[in-house]
Amino acid sequence: MYVAVKGGEAAIDNAHALLAEARRGDPAVPDLTVAQIREQMTLAVDRVMAEGSLYDPDLAALALKQARGDAVEAIFLVRAFRTTLPRLAHSLPVETGEMRAKRRISATFKDIPGGQILGPTFDYTHRLLDFALLDGETPPAAASAAAGPEAMPRVVDILGREGLIEADRPAPEGAEAGDLTRAPLEFPAGRDVRLQNLARGDEGFVLGLAYSSQRGFGSTHPFAGEIRVGTVEVEIVPEELGFPIVVGRVELTECQMISQFKGSKTQPPQFTRGYGLTFGHNERKAMAMAIVDRSLRADEFDEERRYPAQDEEFVLGHTDNVEASGFLQHLKLPHYVDFQGELVNIRALRRATQSARKQETAE
Amino acid sequence: MNLVATAAVLDDDPPLLSVRGLGKSYGGALGCRAVSFDLWPGEVLGIVGESGSGKSTLLNCLSGQVAADAGEILYRDRMGATADFLTLPEPKRRALLRGEWGLVHQNPRDGLRLRVSAGANIGERLMAQGARHYGDIRAEATGWLSRVEIDTARTDDLPIRFSGGMQQRLQIARTLVTGPRLVFMDEPTGGLDVSVQARLLDLIRGLVDELGAACVIVTHDLAVARLLAHRLMVMKGGEVVEAGLTDQVLDDPHHPYTQLLVSSVLQV
Amino acid sequence: MNAPDTGYNFAYLDEQTKRMIRRAILKAVAVPGYQVPFAGREMPLPYGWGTGGIQVTAAVIGADDTLKVIDQGADDTTNAVSIRRFFQRTAGVATTTETEKATLIQTRHRIPEARLGEHQILVYQVPIPEPLRWMEARESETRKMHALAEYGVMHVRLYEDIAHMGRIVKSYDYPVRVNGRYIMAPSPIPKFDNPKMDRMPALQLFGAGREKRIYAVPPYTRVESLDFEDHPFEIQTWSEGCALCGATDSYLDEVVTDDRGGRMMVCSDTDHCDKRRAAGHSGPMAAPYGETPR
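Taken in order, these protein sequences are the chains called V, P and S. The opening residue of the first sequence carries number 76 in this note's numbering; numbering runs sequentially from there. The opening residue of the second sequence carries number 4 in this note's numbering; numbering runs sequentially from there. The opening residue of the third sequence carries number 46 in this note's numbering; numbering runs sequentially from there.
Among these hints, one or two may not hold up.
[Claimed, not checked] Just the calculated beta-carbon pair ranges, DEER-fashion: (1) L403(V) <-> S28(P): 42 to 52 angstroms; (2) R118(P) <-> I311(V): 47 to 57 angstroms; (3) D113(P) <-> I311(V): 48 to 58 angstroms; (4) R188(S) <-> S166(V): 31 to 41 angstroms; (5) R381(V) <-> M210(S): 31 to 41 angstroms; (6) R267(S) <-> E93(P): 43 to 53 angstroms.
FYI, nobody ran anything at the bench for these hints, they're computed from the structure. For glycine and all other residues, C-beta sits at the position ideal for the given N, C-alpha and C.
Just chain V, with the same shape it has in the complex (with noise of 0.2 angstroms):
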């Protein structure tokens, strides 16, 4: 006699409390708060916030302790919530050339107007484990920058001025920039839409496709103009005031990478851009998504799109850790009405194949 295999709602409910008890761990460790995890476990959050494409340290610091320290889990809880958010007033565009710099460098200039600012960075850091750590921190001292209020152009602005480099296009009159959020991907898509993409994508893939084009796989010569993080007024219009009131502040990585490009008959040579923004502070993701934004203008300067890393639909398609996640694991959940159907269809088939081995054996 054959019982099914039945429980379902029992044995979710047990995974639901092993999962909350794996969470927690050894009861004997003081509980993380979301304000530890918020003030100490920053590029964390930073990530969380900018996949998730949600500013909010504390929901993303909330996010990354229920995804126990799972970015993409956390970043798929942000992005849950978010999508329930109403959506009441469009941000004028930030303007970064104001950005309260915590750091700027610049890898075409050895110094620019504003200065080179080094600020918390791992780049000069000796990758060694500093075992001081296990017994608690307290940092030194750091020399407060004197950053003035001097002001920081763009580098490429700089460039800008003498033509060498392509001029930003202006948006058609009256043109909105698409919301992925709002109107699903379509091809082929603007470079509103690539760059919003891009912000939200995955940054190890982003950071993949970069790498490969930096090796050979659709090269774009890219050279690190500026990077700069900081933080930036966000303002609104709204409707009944009819001027713009600034709504908050908000901390920006911006990298802008110049790359070459030889000229046609009708233009002359000039330097191309690529574009890279993200939440929070985020050089590797800024850095990798202004590549990856230059290799997809392939077609505006008639370059070959040969390779990944300049074909839209493969990246765009791509990019977005929530669904790829998603779809990869879904292979966990039960296959067995396809999987029967497969196996009607090769038992059916070998049996024709032994057929007619038989078959010809007796002729």
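Put chains P and S on the given structure of chain V with help from the hints.
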């Protein structure tokens, strides 16, 4: 078999294809310019010139692979209606390309589905036109394989395992199976051994004759042109510098460039 | 932030989003089999686990609906339980496992064996909505192929099956032509279920969350499975019946009973099997009805 009767070339017959002032440039670089010609049913037109002369650009414009930026391509369809291919809506353009027109690429890999069987490659155009009887489609496919001298035992093999010459013959069968009225061929024997070339040329000549299809063949090889083409156009720097009956052009070239081309062949 | 169970709208999605999805559904019903792009939202369940179906269900469900959710034909598979709970929690609607009593059925991979009626809506979860994806990877190209009804390549694939294996081996997600026009992916239901789609009295809605497409088959619409004249479409058959209820006309799942090659076939549709056993039918391995905890 859906054969098109060979139309006699009569003076009062309207041409099948009338090209007027066709031009294409690539971001300032010239592809071809002010090309005009007529093509009658059953006629084979050769376009010759060195690489860079614009002959491939011209063929790509004619066959809809590249958008021309000037001129018109007037085509008279099976129903007798004439329309400009360049301004036809895309559905009609694509319908022409998979029905009344055929295109043989220089590299057979561009014209074949390498990962489906030879039989399916030939059957695809039939299925696209609504053929729904597997046995009939297969019979047609094996029939065409024999015609292009491919062993029918290879019907279910993937073309990726075929030699270059076999791939090219398969591509020709795949293109001709629906009896197109107009066929474009881009260096159909390019990249093949000389011995293979000769056989393939014979085959193409026989099939084109038999089907009565009009044909535009681009080649840099004057021997190919002499064997296949009724008429020739000689291109240089994107323009047609000389045109006429094949024997006339090759035996009594007028333009200095044509003379140079012909003499260089003789030297070989 | 609101508490998880009270901070969200009825059936989770906000009303604006629901209206957007309903507009897409209306368009899909108006053009049977055509994939309507829609601005799919992130859902609190992962992509590939039914987000498209859930969004469609959330957009059409009302407070007086009775919901049934199945996965692989069964109501108690974990994913079905999870989705049913999601709507219990966010919409508070009545749920059922009985096909006849449901007004809305969300399914993954099966169509119930019982014939559905005009009062019912069947919502399919769709992982890959594009039937041409087999032969053409590019969305820009497949949309053109649909627009121009350039469907020759579909038969190329079927031709290949016959040429190499003597029969069409596609056994699930078997492509269909809807209302004589659009080629459509029926989602990974076994081809056994394809004939049930044809002229079904219930409205059939398909949601693909990750790919952001909705499509539909309106009631009583023609749905034909692609085939050749000399290789007509066929469905799966088994030499034995269900070991529990004895049914010989239902889709059977294979259950491995030991590691010595023992196995049995049972109905994939658990409600169908239950109903039959309650009506006194029984198969060779059934315990008397009522004694097994189902």
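A quick look at each hint next to the structure:
no.: 1; hint: L403(V) <-> S28(P): 42 to 52 angstroms; result: holds (47 angstroms)
no.: 2; hint: R118(P) <-> I311(V): 47 to 57 angstroms; result: holds (54 angstroms)
no.: 3; hint: D113(P) <-> I311(V): 48 to 58 angstroms; result: holds (53 angstroms)
no.: 4; hint: R188(S) <-> S166(V): 31 to 41 angstroms; result: holds (33 angstroms)
no.: 5; hint: R381(V) <-> M210(S): 31 to 41 angstroms; result: holds (36 angstroms)
no.: 6; hint: R267(S) <-> E93(P): 43 to 53 angstroms; result: violated (28 angstroms)
Of the numbered hints listed earlier, the single one contradicted by the structure is hint 6.
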